[in-house]
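Listed here are the chains, written in short residue letters.
2 protein chains.
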Amino acid sequence: MPATAYDAEKFFRGLTDAGLIVPVGVPGIFGRNHVFEDVLERFNALVNEIAKADGADYFVYPPTMSRSVLEQSGFLDNFPNLAGTVFSFNGKELTARQLSEAIHNGEDWERYENMTEMALNPASCYPVYPTFTGTVPREGKLVTVLNWVFRREPSREPTRMQSFRMREFVRCGTPEQVVEWRDMWLERGLRLLQSLQLPVVAEVASDPFFGRIGKMLADSQREQKLKFEVTAPMISEENRTALCSFNFHQDHFGQAFHIRTEDGNVANTACLGIGLERVVMALFQTHGFDPENWPSEVHDKLWVPTQHARA
Amino acid sequence: MPATAYDAEKFFRGLTDAGLIVPVGVPGIFGRNHVFEDVLERFNALVNEIAKADGADYFVYPPTMSRSVLEQSGFLDNFPNLAGTVFSFNGKELTARQLSEAIHNGEDWERYENMTEMALNPASCYPVYPTFTGTVPREGKLVTVLNWVFRREPSREPTRMQSFRMREFVRCGTPEQVVEWRDMWLERGLRLLQSLQLPVVAEVASDPFFGRIGKMLADSQREQKLKFEVTAPMISEENRTALCSFNFHQDHFGQAFHIRTEDGNVANTACLGIGLERVVMALFQTHGFDPENWPSEVHDKLWVPTQHARA
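If you're matching them up, the sequences are chains A and B in order. If you're matching positions, the first sequence starts at 0 in numbering that gives the first Met the number 0 and goes up one per residue. If you're matching positions, the second sequence starts at 0 in numbering that gives the first Met the number 0 and goes up one per residue.
Treat the hints with care, since some could be wrong.
Identical chains share a label here; the pair holds if one copy fits it or two copies do between them.
Unchecked claim - Here are the simulated lysine-lysine pairs, DSS-like style, with alpha carbons at most 30 Å apart:
(1) K51 x K300
(2) K300 x K224
(3) K91 x K214
(4) K300 x K214
(5) K91 x K140
(6) K226 x K214
(7) K51 x K9
(8) K300 x K226
(9) K300 x K9
(10) K9 x K224
These are computed hints drawn from the structure, not numbers from a lab.
Isolated chain A, as found in the complex:
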């Protein structure tokens, strides 16, 4: 029985009333309490466990990244509306006083801020590609990251956040290597979420490319089956919510960041991203707001007595 019968407002209220999230007055931004975090950490440890034998290199990157890397990645051509850039004040004392006065008078103070060399990271994998620049070894590369990401998508749906954590795995190598790996993870991701008794399915998907040209890019992405998502009904039964996405980029990032395979060709990449907060919310949505009352198989899978593997 879904906790909220697929109603975004009720789900948000339910999470808030249970103390699991703490609204801060900005849509898509909220605190998470210790129960929410415990579920998130334990699910993430489960991911470590099932991926351990693959031997991915683990890194954590800050929420802010190099703006020039974001420019180079092509993100701003395709999703200019979703990006966040970091601005700051670099004036002197008099201007600082004017800035302060503007704030106290409730005036706009946008003009006192200037663009910095940083942007907010829109997906965990963006800082990873520049580290592949050059020639990757015959067996390719495999990296995993857990970063805070930003998407400019203010919404009252609790599952559509502006700041959230994305656990990602990134594969780089020949087209065969990365597609085989992507397909393996699609199966694995589905099985993992099914083992937690979440009502998930895999489906072909597309990215929210901007504008009319974006519509064409999305159609082409869908036709070529470059993107799959594992989805669950969360705020509506018809419009399912993606918990994970599996993306084959072909040579997009290989070109952008000058990555080659041993045969001299431009390297291909694929990534899979797990929306950690969304998985946690899907568990609350499906099994109720109190983990103590979850089905015992689900509870035991997360609260096993042995310590979970670290990444």
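Assemble the complex: chain A is given as a structure, and chain B must be docked to it using the hints.
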């Protein structure tokens, strides 16, 4: 023996060569590898352990916060130069094309971005104060958070980061309650870091208030002993680096966020912040870049066989 004899450049190169950090081309922004993260998580678990009996409520907030809360807090009056605000694009298709072209032509594209309702969180405790609004119970309140924070301080010193994690405890109540608590933690923090054989001392400190008026504020803060830091020599023997800070805010946040104690007075607050990356770096600096070669008492304290307490 310090790993680098107090030299910022050598320390940065040492951390990079050991693979512990991954530079991304922006000063104060870098990736952390699995060894770095493991030490950070284990140290954070130690903090959980020593603080467990206090029963603090644990929350995690995103790296982005409500801009209006930051305005209300007074941060921008005192540290306008350190704040980061989030800007984004909200134009239509034609403007998006111009933005994209500007980027490809290597032109400035600042004018396409507009201020949003979000800022970067400059200290873990800022999202906490609005949750205290109203009358706090007789015993006061105690909250702990672990958030990514932002400070606009580009620097080649590895210990001076623009994005980093700050574990904080925040106490709210009568002046006596918060000062007693702050003093208890000053002792406790010092003992914790000494138990890891770090060459730490406690000293009176001040915040980097902006401008000439800021100089006066800093002097007054120092005279009233409102701020203490636990410091270690990291990039220089003379200019020690703060690993933790202990701050008595008097009624500053109580006034700003309308917090009262049961007797009807404006509530007082204090916080203590632990710079997690700085503690990790102090361990590498003091004991060397490979935790396997650390003194066994230090190693055992972090890699104990029993699972550490969760927050």
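Checked hints:
1. Taking CA atoms no more than 30 Å apart as the test, K51 paired with K300 passes in both settings, with 17 Å inside one copy and 26 Å between copies.
2. Neither within a single protomer nor between protomers do K300 and K224 lie at most 30 Å apart by alpha-carbon distance, with minima of 32 Å and 50 Å respectively.
3. Taking identical chains as interchangeable, the C-alpha atoms of K91 and K214 lie at most 30 Å apart only when they sit on different chains, with a minimum of 14 Å there against 46 Å within one chain.
4. Taking the shortest Cα distances, K300 and K214 never come within 30 Å of each other, neither inside one copy (41 Å) nor across copies (56 Å).
5. In this assembly of identical chains, K91 and K140 lie within 30 Å of each other by CA distance neither inside one copy nor across copies; the values are 47 Å within and 39 Å between.
6. When the C-alpha separation of K226 and K214 is checked against a cutoff of 30 Å, the pair qualifies only within one copy, where the shortest distance is 15 Å, while the shortest distance between copies is 55 Å.
7. In this homomeric assembly, K51 and K9 never come within 30 Å of each other (Cα to Cα): the closest approach is 38 Å inside a single copy and 34 Å across copies.
8. Taking the shortest alpha-carbon separations for K300 and K226, only the intra-copy value of 29 Å comes in at or below 30 Å, while the best inter-copy value is 45 Å.
9. For the identical chains of this complex, K300 and K9 are intra-copy neighbours only, at 28 Å inside a copy versus 46 Å across copies, given an alpha-carbon limit of 30 Å.
10. In this assembly of identical chains, K9 and K224 lie within 30 Å of each other by CA distance neither inside one copy nor across copies; the values are 34 Å within and 48 Å between.
Hint check: violations occur at hints 2, 4, 5, 7 and 10; the rest are consistent with the structure.
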